[in-house]
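Asker: Chain by chain, the residues:
2 protein chains.
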Amino acid sequence: MLLGFRPSLRLLSPRLQLLQSRSVQSEHPATSAAVDSVLSALRSICGEDGVSFGAAVREQHGRDESIHRCCPPDVVVFPRCVEEVSELAKVCHQHNLPIIPFGTGTGLEGGVSAVKGGVCFSLRNMDQVLDLHPEDFDVTVEPGVTRKALNSHLRDTGLWFPVDPGADASLCGMAATSASGTNAVRYGTMRENVLNLEAVLADGTVLHTAGKGRRPRKTAAGYNLTNLLVGSEGTLGIITKATLRLYGIPEAMVSAVCSFPSVQAAVDSTVQILQAGVPIARIEFLDDVMMDACNRFSSLSYAVSPTLFLEFHGSERSLEEQVLTAEDITQSNGGSDFQWARDAGSRERLWKARHDAWYAALALRPGCKAYATDVCVPLSRLPQIIVETKQDLMENRLTGPIAGHVGDGNFHCLMVVEPSDPEELHRVHLFTERLARRALALDGTCTGEHGVGLGKRALLCEEVGPEAVKVMQRLKDSLDPKNLMNPGKIL
Amino acid sequence: MLLGFRPSLRLLSPRLQLLQSRSVQSEHPATSAAVDSVLSALRSICGEDGVSFGAAVREQHGRDESIHRCCPPDVVVFPRCVEEVSELAKVCHQHNLPIIPFGTGTGLEGGVSAVKGGVCFSLRNMDQVLDLHPEDFDVTVEPGVTRKALNSHLRDTGLWFPVDPGADASLCGMAATSASGTNAVRYGTMRENVLNLEAVLADGTVLHTAGKGRRPRKTAAGYNLTNLLVGSEGTLGIITKATLRLYGIPEAMVSAVCSFPSVQAAVDSTVQILQAGVPIARIEFLDDVMMDACNRFSSLSYAVSPTLFLEFHGSERSLEEQVLTAEDITQSNGGSDFQWARDAGSRERLWKARHDAWYAALALRPGCKAYATDVCVPLSRLPQIIVETKQDLMENRLTGPIAGHVGDGNFHCLMVVEPSDPEELHRVHLFTERLARRALALDGTCTGEHGVGLGKRALLCEEVGPEAVKVMQRLKDSLDPKNLMNPGKIL
Numbered sequence: 001m002l003l004g005f006r007p008s009l010r011l012l013s014p015r016l017q018l019l020q021s022r023s024v025q026s027e028h029p030a031t032s033a034a035v036d037s038v039l040s041a042l043r044s045i046c047g048e049d050g051v052s053f054g055a056a057v058r059e060q061h062g063r064d065e066s067i068h069r070c071c072p073p074d075v076v077v078f079p080r081c082v083e084e085v086s087e088l089a090k091v092c093h094q095h096n097l098p099i100i101p102f103g104t105g106t107g108l109e110g111g112v113s114a115v116k117g118g119v120c121f122s123l124r125n126m127d128q129v130l131d132l133h134p135e136d137f138d139v140t141v142e143p144g145v146t147r148k149a150l151n152s153h154l155r156d157t158g159l160w161f162p163v164d165p166g167a168d169a170s171l172c173g174m175a176a177t178s179a180s181g182t183n184a185v186r187y188g189t190m191r192e193n194v195l196n197l198e199a200v201l202a203d204g205t206v207l208h209t210a211g212k213g214r215r216p217r218k219t220a221a222g223y224n225l226t227n228l229l230v231g232s233e234g235t236l237g238i239i240t241k242a243t244l245r246l247y248g249i250p251e252a253m254v255s256a257v258c259s260f261p262s263v264q265a266a267v268d269s270t271v272q273i274l275q276a277g278v279p280i281a282r283i284e285f286l287d288d289v290m291m292d293a294c295n296r297f298s299s300l301s302y303a304v305s306p307t308l309f310l311e312f313h314g315s316e317r318s319l320e321e322q323v324l325t326a327e328d329i330t331q332s333n334g335g336s337d338f339q340w341a342r343d344a345g346s347r348e349r350l351w352k353a354r355h356d357a358w359y360a361a362l363a364l365r366p367g368c369k370a371y372a373t374d375v376c377v378p379l380s381r382l383p384q385i386i387v388e389t390k391q392d393l394m395e396n397r398l399t400g401p402i403a404g405h406v407g408d409g410n411f412h413c414l415m416v417v418e419p420s421d422p423e424e425l426h427r428v429h430l431f432t433e434r435l436a437r438r439a440l441a442l443d444g445t446c447t448g449e450h451g452v453g454l455g456k457r458a459l460l461c462e463e464v465g466p467e468a469v470k471v472m473q474r475l476k477d478s479l480d481p482k483n484l485m486n487p488g489k490i491l
Numbered sequence: 492m493l494l495g496f497r498p499s500l501r502l503l504s505p506r507l508q509l510l511q512s513r514s515v516q517s518e519h520p521a522t523s524a525a526v527d528s529v530l531s532a533l534r535s536i537c538g539e540d541g542v543s544f545g546a547a548v549r550e551q552h553g554r555d556e557s558i559h560r561c562c563p564p565d566v567v568v569f570p571r572c573v574e575e576v577s578e579l580a581k582v583c584h585q586h587n588l589p590i591i592p593f594g595t596g597t598g599l600e601g602g603v604s605a606v607k608g609g610v611c612f613s614l615r616n617m618d619q620v621l622d623l624h625p626e627d628f629d630v631t632v633e634p635g636v637t638r639k640a641l642n643s644h645l646r647d648t649g650l651w652f653p654v655d656p657g658a659d660a661s662l663c664g665m666a667a668t669s670a671s672g673t674n675a676v677r678y679g680t681m682r683e684n685v686l687n688l689e690a691v692l693a694d695g696t697v698l699h700t701a702g703k704g705r706r707p708r709k710t711a712a713g714y715n716l717t718n719l720l721v722g723s724e725g726t727l728g729i730i731t732k733a734t735l736r737l738y739g740i741p742e743a744m745v746s747a748v749c750s751f752p753s754v755q756a757a758v759d760s761t762v763q764i765l766q767a768g769v770p771i772a773r774i775e776f777l778d779d780v781m782m783d784a785c786n787r788f789s790s791l792s793y794a795v796s797p798t799l800f801l802e803f804h805g806s807e808r809s810l811e812e813q814v815l816t817a818e819d820i821t822q823s824n825g826g827s828d829f830q831w832a833r834d835a836g837s838r839e840r841l842w843k844a845r846h847d848a849w850y851a852a853l854a855l856r857p858g859c860k861a862y863a864t865d866v867c868v869p870l871s872r873l874p875q876i877i878v879e880t881k882q883d884l885m886e887n888r889l890t891g892p893i894a895g896h897v898g899d900g901n902f903h904c905l906m907v908v909e910p911s912d913p914e915e916l917h918r919v920h921l922f923t924e925r926l927a928r929r930a931l932a933l934d935g936t937c938t939g940e941h942g943v944g945l946g947k948r949a950l951l952c953e954e955v956g957p958e959a960v961k962v963m964q965r966l967k968d969s970l971d972p973k974n975l976m977n978p979g980k981i982l
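Respectively, the protein sequence lines represent chains P and Z. Using the numbering used here, the first residue of the first sequence is number 1, and each one after it goes up by one. Using the numbering used here, the first residue of the second sequence is number 492, and each one after it goes up by one.
Only chain P is shown next, with the shape it has when bound in the complex:
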């Protein structure tokens, strides 16, 4: 999820669900019948409590936080260890049942939709933090561990895991979708921060992408299977363990906010801050519409103009210099109202608009649903695409305040839509396609961090070309010839 969190789904106990009728009719009679035939096999692997047919559980596992339609799986299993995942996968493989991995369901491109029915593997019961090595700056986690749970676990070590997509997503899910977020400009995305993965392939094979238990900070040993799995969105394997890089918690942090007369001035400041070598930790852009929404929602009085929210990490002394350099640069670009804050409370107040942006956007149209688009372009192309996109939104009577991880050229329109209005949904759909094509025309990508999922398969082909899609398909076929792993996603 893009901005902040929403209360997590409170799942009913699988046992309770078992007692319920299968009130959600399966759309896939073939897989549904196959599931019925393997029920006892599934139960013998992960226990009575570990298999759920309940309508509510299946519905909860058939959608993420996007506006993609819910497609419930035929059954949800709750394995407790990699051996169970492997055994369950073997059963599915033998009976040609689709396998859909499920972490926290906080994805944004319909990645968990069971479009061909099958078995959803909920990994929430595998939630242990394993093998913490503070002196080596690495840790290994099971797939049920969320980023907040990990950082809470790390509290006394002086270390943290900085990749922050907003939602309290599971770390293995973040690996599967190549998540990033606000800190990527300084600490990189999941691609740069996963050292090793354990994954179960379609046939039940347990793969360790960099070798079992290995955790060197760099390696040149063979094909980079780790980064083939990162971003594969469950279509190549179920990630059952991730070894991650950790970082020392910075001695101090400073937050700052600055308003600009134009998008160009905000982007120019960003480029110059990066050129000056300021090791900026976060540099977030909010457009005038979003600032207005935030002012209303949180009773703030920021200028209603393009705004940068900045965060600096470092030693007390280096921070002073970083902030001064950033202030100089923003002022030379016409920035005004540069405010900064050092202590936690003041920093929180200063960034309140940014933190509440999701809810502020929603409050623009009470009762509506929010849907976050996602494109990424080279930095210098940002002003053009943002100006054109704002024009497009106006012309098409759409509500879509803009927020972006501007240091990476990545931004989102927070589309606030009436989910029961098919005409508006259609306009939003056409708008997001135009937005993606605008990014492609400017050397960019149709998705910087949300992934392809269900929604961007056609755009992927336009982006990488038929040769690259053919190569991706060959790789998929070589690892999952029966197309059982999360079918219908990416390709």
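Simulated from the structure, these hints should not be mistaken for laboratory data. Incorrect hints may appear among the rest.
Quick list of in silico lysine-lysine cross-link-like pairs, BS3-like style, CA-CA up to 25 Å [unchecked claim]:
| no. | chain 1 | residue 1 | chain 2 | residue 2 |
| --- | --- | --- | --- | --- |
| 1 | P | Lys-482 | Z | Lys-967 |
| 2 | P | Lys-116 | P | Lys-390 |
| 3 | P | Lys-470 | P | Lys-482 |
| 4 | Z | Lys-607 | Z | Lys-967 |
| 5 | Z | Lys-639 | Z | Lys-967 |
| 6 | Z | Lys-961 | P | Lys-476 |
| 7 | Z | Lys-881 | Z | Lys-860 |
| 8 | P | Lys-470 | Z | Lys-967 |
| 9 | P | Lys-116 | P | Lys-90 |
| 10 | P | Lys-470 | Z | Lys-973 |
| 11 | Z | Lys-843 | P | Lys-476 |
| 12 | Z | Lys-581 | Z | Lys-607 |
| 13 | Z | Lys-961 | Z | Lys-973 |
| 14 | P | Lys-212 | Z | Lys-961 |
| 15 | P | Lys-482 | Z | Lys-860 |
| 16 | P | Lys-482 | Z | Lys-961 |
| 17 | Z | Lys-967 | P | Lys-476 |
| 18 | P | Lys-90 | Z | Lys-961 |
| 19 | Z | Lys-607 | Z | Lys-961 |
| 20 | P | Lys-369 | P | Lys-352 |
| 21 | Z | Lys-581 | Z | Lys-639 |
| 22 | Z | Lys-639 | P | Lys-470 |
| 23 | Z | Lys-967 | P | Lys-212 |
| 24 | P | Lys-470 | Z | Lys-860 |
| 25 | Z | Lys-581 | P | Lys-470 |
| 26 | Z | Lys-860 | P | Lys-476 |
Keeping the supplied structure of chain P fixed, place chain Z upon it in accordance with the hints.
Answerer: Structure of chain Z alone, referenced to chain P:
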């Protein structure tokens, strides 16, 4: 190459070579005959000058800087553009001829050896820097561009490309072998710094791993083909273009040197410097044997003990703080003789031992050849593996001073060997295997940056396990079913 450079091979003009007799007898009569049959096709694609059978040219292209035996290809071609590379590949594909890409020949694991004969693609004639976008911090280069040539080209932009393996290697070759080197602790390896690749597959298909001309700083669009090609050592495709991340040249640099009573003290200092969040740019370790060699070779008077060479990048003011922090930490670990220098001349003098290490090692045994091993382990395991390795060297009467990129847990023994002594070569071979297995036993890798090439195929299997090797083989088969791309390497 590990440390510094050696004078590059001065190749004879292909035209001159054409006039020479094929004095190197082919070891592969089948491919040799096939090459004869396609000669006119090759010449029609890249011209008379673009095809060479000359013995000297073939020998120069049959070896890198390792001690692996020279295996000359049957012919060397010199394409001038990607279209020629693709057409040449199609001819090879049709006639089942192996394809071996060749950049600068500075590899260290026999990656360019034509073990099954075939056609060497020398890419030196494709040497243009293309599409420099200073405001977006990216550039695209052809495969003949070396890292020094690129940095020279960038001189007036305020930007640089920091990955530095020592040798003046071609950047696409560095991508193919997943090179890194001294700066990786701050700026990452090739894996983190390649945004897009153009590559020609075995059948002549031109692939753009992230889509033609695309250069967003991050993407979540489909499988990460870029990082599948990075480190594939020419076994999946010929890299014909690389789009790279650039960085602002730091305002200032400081170099420092410090001696330690033990390897443990040097490594503890490294861990603490990283924990303190000092954005160290280089942190290099030399052991007592190497320091002694350097003192003798360069008439220096450093303490003959484990030593760290450090480099700090940043603003004038931040550097002062970084250096003070590092000095505090080294002293608390028993470090002594902490010296630092700011201006270019003094920095060069201070680091002279590190820069000359390769030649200093060679000078230990005049007339011998040097061979750099390469392993990488989690930081905390470095003291144990270095102590055990020094013991092993002594027990086996081998000369192997140690130098390492200690911030990444990566180190090398510079084996100085008598190349005409098969018994000594055998002892070195057994030693490097023991070293690699020692790294594996400590959760590490048999190669941090030199790659698998010819020499570490068996070790790769021990490292990643049979499941991962099988997955790698399936990927290879899916993209190169005839096994024509650099056969005999990695797998």
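Asker: Between Lys-967(Z) and Lys-212(P), does the CA-CA distance stay at or below 25 Å?
Answerer: Holds - the C-alpha atoms of Lys-212(P) and Lys-967(Z) are around 22 Å apart, at most 25 Å.
Asker: Please work out if Lys-212(P) and Lys-961(Z) have their alpha carbons no farther apart than 25 Å.
Answerer: Holds, at roughly 15 Å.
Asker: Take a quick look at whether Lys-470(P) and Lys-973(Z) sit within 25 Å of each other, Cα to Cα.
Answerer: 18 Å, holds
Asker: Between the alpha carbons of Lys-470(P) and Lys-967(Z), is the straight-line distance 25 Å or under?
Answerer: 15 Å, holds
Asker: Hey, Lys-961(Z) versus Lys-973(Z), does the alpha-carbon distance stay inside 25 Å?
Answerer: 17 Å, holds
Asker: If you draw a straight line from the CA of Lys-843(Z) to the CA of Lys-476(P), is it 25 Å or shorter?
Answerer: Not satisfied, since the Cα-Cα distance of roughly 50 Å exceeds 25 Å.
Asker: Can you confirm whether the C-alpha distance between Lys-967(Z) and Lys-476(P) stays at or below 25 Å?
Answerer: Status holds; Cα separation ~12 Å.
Asker: Do the alpha carbons of Lys-482(P) and Lys-860(Z) lie within 25 Å of each other, as the hint requires?
Answerer: 52 Å, violated
Asker: Straight-line Cα separation of Lys-607(Z) and Lys-967(Z) no greater than 25 Å?
Answerer: This hinted pair holds, its Cα atoms lying about 17 Å apart.
Asker: Starting from Lys-581(Z), check that the Cα of Lys-607(Z) is at most 25 Å away, please.
Answerer: 18 Å, holds
Asker: CA of Lys-470(P) to CA of Lys-860(Z), is that 25 Å or under?
Answerer: Cα-Cα ~46 Å, so violated.
Asker: Please work out if Lys-369(P) and Lys-352(P) have their alpha carbons no farther apart than 25 Å.
Answerer: 21 Å, holds
Hints 2, 5, 11, 15, 21, 22, 24 and 26, counting from the list given before, are not met by this structure.
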